[in-house]
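Asker: Take the two lone chains and join them into the complex the hints point to.
The lines below spell out each chain.
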Amino acid sequence: MTELSVNDEFYFQWHLTERCNRACKHCYQDGKPSTELSLGDLRTIVVLMEEAVTKWEKKGTISLTGGEPFIRRDDLHAIMDQIDRSDNLIYYDILTNGSLITDREASTLKTHKKLRRVQVSLEGATAESNDAIRGPGSFDSTITAIRRLRAVGIDVSVMTTISRANRAEIPGLVALLGAEGVTTFALERLIPEGSGAGLSDLVLSPPELREVYRGVYQMAMNQPPVRILLYRPLFALLAPEDPTVGALCSAGNNALTIMPDGTIFPCRRLPIPIGNVLADGFYKVWYGSEVLWKIRNPQNLNTKCRDCTLLTQCRGCRAMAYFTTGDYMAEDPQCWQ
Amino acid sequence: MLAIKPDVRLAQAEGIMVQAIPEIDHYYAFSIMGGDQFKLNYTAYWVLGAIGNGVNFQTLLDEFAQNFDLEEEKAKEDLAEVIQFALENNIIKEIDHEDYEEDREIREA
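Taken in sequence, the protein lines are chains A and B.
If you read the first sequence in numbering that gives the first Met the number 0, its first letter stands for residue 0, the second for the next number, and so on.
If you read the second sequence in numbering that gives the first Met the number 0, its first letter stands for residue 0, the second for the next number, and so on.
With the rest of the complex left out, here is chain B (with noise of 0.2 Å):
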């Protein structure tokens, strides 16, 4: 299992897209630059939008945790699965605390 600090900031790739057709339980994630596509269950889905453009791994894991009500443990063990996926692919990207106060300065202008 991926092991992740829970300090560790993490956000969407650049260029990356995450769509949902929720009726037919259809989710993705998409590259604009490279054209990457992947399919996603909702989870991954969810995990995704919650990263969006910054967030720190225990903020995301309590968020994880309280929407799919489940235990820290079993919680930790999904999430990373997820993002060691992410990871992988480049869906996400790990960013240091002054990209990420950066972004967030632009994001609240």
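Chain A with its partners taken away, still in its complex shape (with noise of 0.2 Å):
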């Protein structure tokens, strides 16, 4: 499976349940209990996924996630054999913490011919580091769950959030990956929401990201032994002539986030409801939304992201803006430019 360019992917991030069987201090979810949709509304939603995708003449991609998605696996795997056959949902991928997941489960999860990657999230080199973040144990299991699938032969991606709490960790962390045979690396910033809405002292001020970013941009041009991933906001800033360095939010642009209820976001870290799938469909939500209008429009940007000399790369994460200023449109507070 080879990767899409931007401009021929739409994706979806859905999440099937908010239900999770860890409790980790960073997550975006708040822990409110969210109503469920039945499997005959997820099979509806695919259908509305391929819909839309075929008339924008975009490839579907997918991320399947929660919660914990296995926690629904029989509607997962329903799913999953939907879009296995369906024509423009091309692939999927699975994000979970990995801890229900058996060698028979692996076994059967290698069947699905449209399963791209599992991803799974380590937040420390170390049990220590780890489970400080995601909880007893969650370490060996993440472990567990990498050679099981590994084992099988499914490609599996790493997530890392990072923050002051486990910036150090990244060169273990790279070294681990390559020796568990790990295919790409991810990092994501924390973003102080959720469950993490308290953890703003560990939110990396921007001359600390300037310095992890420089470091993993390094680490990512010296052959690493896993892929490290570098198509985020502001990774642009290290190498503004460098393709492969950065990227625009998705956000308004070629993603939609769906909620165990239908809820659209426009991004799973930018929970602003912009109407359900079921209820209004995506062409409603995806054409008529004034949220997504207004960060489409880089004028509606405030003046620092606007003026910057890197407008057409970057543009910041609204996300952060949104968390940390309560204006979505405003300059992304981890920028060091």
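Just so you know, these hints were derived from the structure itself, not from any lab.
Please note: incorrect hints may appear among the correct ones.
Said to hold, decoys possible - Taking CB as the label site, the calculated pair distances span:
| # | chain 1 | residue 1 | chain 2 | residue 2 | range |
| --- | --- | --- | --- | --- | --- |
| 1 | B | Glu80 | A | Gly30 | 51 to 61 Å |
| 2 | B | Val7 | A | Arg72 | 52 to 62 Å |
| 3 | A | Lys293 | B | Asn88 | 26 to 36 Å |
As the list claims (entries may be wrong) - Result set (BS3-like, lysine-lysine): computed pairs, CA atoms no more than 27 Å apart in a straight line:
| # | chain 1 | residue 1 | chain 2 | residue 2 |
| --- | --- | --- | --- | --- |
| 4 | B | Lys38 | A | Lys57 |
| 5 | B | Lys38 | A | Lys54 |
| 6 | B | Lys92 | A | Lys54 |
| 7 | A | Lys58 | B | Lys38 |
Here a beta-carbon is modelled for each residue, glycine too, at the ideal position from N, C-alpha and C.
Answerer: Below, the structure written as structure tokens:
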């Protein structure tokens, strides 16, 4: 399976449930219970996704997640079966904490022809550093899941949420992931929202983030044992001439997030409801949302971002702006430019 | 050129949304029913906005000529081109007088 260009892809991040068997300190969920759709409604959403990407002449990609998506294991597999049969939904990833992936589950996952990767999360290269954020036992559980998935030939991606608590862990993580045969390593910044709303003290300052990103960039350029993904806002500041470094935020551009009750957000990290997929469909939301139109117009950005020479490559993270200032069009508070 | 009677009434078709990012000169019409999307120029965008929920052709023509500072014949030619495109793509529709009055009453209520 090949990577798609942003011009070809429309991405859905689909949360099937908010239920989770972990309680990570920094989670963007707020821990409140949420209505879940029936399997029939989930199937309808797949049909609507397929219709939309076909109309838009895009290739649909999906991340199936939660909460912990394997809590709805049977429905998850039913949805995967349906996507496997679709024409223009070309692949999906599963974002999971890995704790419910048994050897048998890994073998079953391998039978799905459009499963591209399974993504798990680690916050540190040791049990001590990881479990301080994700809870006791989570490091061993995640490493076990990686090994089970790799044993059946499934590509694994690892995501780390970078903060002051774990910024020193990155070199160790890169070495660990290489040794475990992980395919890709992605970093997201800690955003003080959901359960992590009280963790503002752990958010990296602009100089601290610059230092972390420089280190990550240097590792990525020096043939690391795991592929490090750099297509996130602000990475562009490090190498503006390199198109593989940095990316515009996909919110309003080529992505939507669907919550367990069908509510649509521009991005999971920017939880502003802009409609409901079952009540409104994708077209009404994508074409009519004032929030999306505001995000799409770069002239609505505040002065620092609007006047930046990297406007066509970056524009920062709208969620970080929102949870730090209350204004999703404000400058990215971690920008060091 | 499309022949349009002066008293024909036009309105945006059901489920049509017109959007703009004028700062970067981007104009669009969308169908939230079928998902179709059309990139417009500013003239077409203005015409669709002016048609809105209903207007007769002569009124539209007068406003169009005034807004773009055109002679009537030139205005009629340009406007007909936009309307023909919009009718062919179900972005607008012709409405009869009763429909128009009914729509207007609803709007004014």
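Asker: Any of the earlier hints contradicted here, and which numbers?
Answerer: none
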